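K.L.:
Numbering (the numbering used here), first residue to last: 1 to 127.
Simulated from the structure, these hints should not be mistaken for laboratory data.
Where hints are given, some of them may not hold.
List time: in silico EDC-like cross-link candidates among lysine to aspartate or glutamate, alpha-carbon distance up to 20 Å [unchecked claim]:
| # | residue 1 | residue 2 |
| --- | --- | --- |
| 1 | Lys-121 | Glu-61 |
| 2 | Lys-121 | Asp-109 |
| 3 | Lys-121 | Glu-104 |
| 4 | Lys-121 | Glu-85 |
| 5 | Lys-121 | Asp-101 |
| 6 | Lys-121 | Glu-79 |
For each label pair, taking beta carbons as the anchor points, the in silico distance ranges come out as [as the list claims (entries may be wrong)]:
| # | residue 1 | residue 2 | range |
| --- | --- | --- | --- |
| 7 | Thr-33 | Thr-97 | 26 to 34 Å |
| 8 | Glu-104 | Gly-6 | 31 to 39 Å |
| 9 | Asp-84 | Phe-119 | 14 to 22 Å |
| 10 | Arg-116 | Gln-56 | 26 to 34 Å |
| 11 | Arg-25 | Asp-84 | 16 to 24 Å |
| 12 | Glu-79 | Asp-101 | 29 to 37 Å |
| 13 | Glu-26 | Val-77 | 25 to 33 Å |
| 14 | Asn-55 | Gly-6 | 18 to 26 Å |
| 15 | Thr-97 | Pro-63 | 17 to 25 Å |
| 16 | His-12 | Glu-79 | 26 to 34 Å |
| 17 | Asp-84 | Val-64 | 29 to 37 Å |
| 18 | Ala-17 | Arg-99 | 14 to 22 Å |
Predicted model only: the values in this text are computed from it and were never measured.
We put the beta carbon where it would ideally sit given N, CA and C, even for glycine.
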Amino acid sequence: MVRTMGFPHAFHSTPWADILERTLREASLSYLTPLVHSIAASPAATQLAGALWVNQLAVAEAPVGDAPLDLLIVSAVQEGNADDEVTRVSIVHSTVTGRNDTIERPLDDAVTLFWRFAFEKFGVAPR
């Protein structure tokens, strides 16, 4: 038996338009709206599959293969209580090899940071 890391379950993606609509509707997801809009408006949207998990965005390469999978996971960095405005974001590249990368930056850098990870980890550029 070979052990791997990464996401060990089937990845059930949601259309980008539906994810965007949900980030616009739910205050706890509003920090993701600019990022999801950037993905949905990009020609590269078809190369990425997304899903919302609680208050996080999970992104896999499309078409999605069998588990285990490499994922990019975007989440808010909570600096106080849950009602505080999100000012920082974390992006984790969760890998099947266990060589995960994590970076945290100000929320204003989320779109640029995400596309850097998408290109470096998946070879997917916004254009």
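K.L.:
Now tell me if each hint is right for this structure.
P.N.:
Cross-check of the supplied hints:
1. Lys-121 x Glu-61: Given that 20 Å is the threshold and the Cα spacing comes to 10 Å, the pair holds.
2. Lys-121 x Asp-109: holds, 18 Å
3. Lys-121 x Glu-104: Satisfied, since the Cα-Cα distance of roughly 16 Å is no more than 20 Å.
4. Lys-121 x Glu-85: With a Cα-Cα distance of about 29 Å, the restraint between Lys-121 and Glu-85 is violated, given a limit of 20 Å.
5. Lys-121 x Asp-101: holds, 10 Å
6. Lys-121 x Glu-79: violated, 28 Å
7. Thr-33 x Thr-97: 26 to 34 Å: holds, 32 Å
8. Glu-104 x Gly-6: 31 to 39 Å: Distance hint for Glu-104, Gly-6 is violated at roughly 21 Å.
9. Asp-84 x Phe-119: 14 to 22 Å: violated, 31 Å
10. Arg-116 x Gln-56: 26 to 34 Å: Roughly 18 Å apart at Cβ, these two residues miss the hinted range, so it is violated.
11. Arg-25 x Asp-84: 16 to 24 Å: holds, 20 Å
12. Glu-79 x Asp-101: 29 to 37 Å: violated, 22 Å
13. Glu-26 x Val-77: 25 to 33 Å: Given about 18 Å between the Cβ atoms, the range is violated.
14. Asn-55 x Gly-6: 18 to 26 Å: holds, 21 Å
15. Thr-97 x Pro-63: 17 to 25 Å: holds, 21 Å
16. His-12 x Glu-79: 26 to 34 Å: holds, 31 Å
17. Asp-84 x Val-64: 29 to 37 Å: This hint holds: roughly 34 Å between Cβ atoms.
18. Ala-17 x Arg-99: 14 to 22 Å: Violated: the Cβ-Cβ distance is about 33 Å, outside 14 to 22 Å.
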